[in-house]
Amino acid sequence: MARRPYPQEVDRFKWWIADPHFNRPFYLDYMARESTCIFIALYAILFVWGLGALASGPEAYAGFIGAMQSTGGVILQLVILAFAVYHTVTWFILAPQGMKPMRMKDGKRVPAGRVVQALFAMWAGATVVTLLLVWVLIP
Amino acid sequence: MNSKVPSHKPLVWLPFAAGGMFAALLLPAAILLTTGLVLPAATSYEAAHAFASNWLGKLVLLGFVLLPVWHAAHRLRVTAYDFGIRADTMVAWIVYPGAALLSVLAVVFLLQI
Chain A
1 MARRPYPQEV DRFKWWIADP HFNRPFYLDY MARESTCIFI ALYAILFVWG
51 LGALASGPEA YAGFIGAMQS TGGVILQLVI LAFAVYHTVT WFILAPQGMK
101 PMRMKDGKRV PAGRVVQALF AMWAGATVVT LLLVWVLIP
Chain B
1 MNSKVPSHKP LVWLPFAAGG MFAALLLPAA ILLTTGLVLP AATSYEAAHA
51 FASNWLGKLV LLGFVLLPVW HAAHRLRVTA YDFGIRADTM VAWIVYPGAA
101 LLSVLAVVFL LQI
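In the order they appear, the protein sequences are chains A and B.
With the numbering used here applied, the first sequence covers 1 to 139.
With the numbering used here applied, the second sequence covers 1 to 113.
Simulated from the structure, these hints should not be mistaken for lab results.
Here are some chain B residues pointing at chain A (derived, C-beta under 7 Å):
| id | residue |
| --- | --- |
| 1 | Leu26 |
| 2 | Leu27 |
| 3 | Ala47 |
| 4 | Ala52 |
| 5 | Val65 |
| 6 | Pro68 |
| 7 | Leu102 |
| 8 | Phe109 |
| 9 | Gln112 |
If you anchor each label on the Cβ, the simulated ranges turn out as follows:
| id | chain 1 | residue 1 | chain 2 | residue 2 | range |
| --- | --- | --- | --- | --- | --- |
| 10 | A | Phe26 | B | Pro40 | 37 to 43 Å |
| 11 | A | Pro139 | B | Leu105 | 22 to 28 Å |
| 12 | B | Ala17 | A | Pro139 | 33 to 39 Å |
| 13 | B | Val78 | A | Pro139 | 40 to 46 Å |
| 14 | B | Leu11 | A | Ala82 | 28 to 34 Å |
| 15 | B | Val78 | A | Ala18 | 18 to 24 Å |
| 16 | B | Asp88 | A | Asp11 | 15 to 21 Å |
| 17 | B | Val60 | A | Pro20 | 46 to 52 Å |
| 18 | B | Ile94 | A | Ala121 | 33 to 39 Å |
| 19 | A | Ala18 | B | Met90 | 24 to 30 Å |
| 20 | B | Leu105 | A | Pro111 | 42 to 48 Å |
For the chain A half of the interface with chain B, some residues (derived, Cβ under 8 Å), not all of them:
| id | residue |
| --- | --- |
| 21 | Phe13 |
| 22 | Leu51 |
| 23 | Thr130 |
| 24 | Leu131 |
| 25 | Val134 |
| 26 | Pro139 |
The structure presented is a predicted model; accordingly, all values stated were derived computationally and were not measured.
From the three backbone atoms N, C-alpha and C, an ideal C-beta is built for every residue, glycine too.
With these hints in hand, go ahead and build the complete structure from the sequences.
Okay, here's the thing in structure tokens:
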């Protein structure tokens, strides 16, 4: 008897929200993580716009900062911030899976959880040091 | 596949990983600053201009464009496939030149300051 394979139909646009055969929370989480790049790219565009304004002079820069620090600008950046933080958290949680295993002096593998904790500590440190440096550098 | 042909993957993966780590560690702090909700004096014209006037400041600001942009470009290319856009070559021809354009603009603007 001939084999009759069953090719399951998958909607290539909506598979991550609509397909009942998939593990939806898992794929939704995956797509949320991957989508953070849209917001990181958007922020980079805003950043380059700011550099252009800074190069053009005080008036252009005032226009840029006015837009960034208007209600709409702040709301947009808070949305970007939410996705940026989601990127940070997911990036750190996945980091032990993407790097060469770290080993202690006796050759034992450093537990993945320890690596994640160290990364979160680095994040806290980097944020505090950045803000302190900026605070010191304000003329 | 001929294994003697060097793969282009390290070329794409290095900026992806470096940019991802940079963005993860420093982007939230940068966003807090540009909203003006934290240390609003830091985004005054005088402060920003003074920071961007020396080469070290320029290098830091360039890092905030270059690293996240190449990370985002590569991830955007892969994510486009997941969103149902299967024309990978076309997507690659949009995201990588886009990242290159933003990189060049950042360098040009920083050199003008």
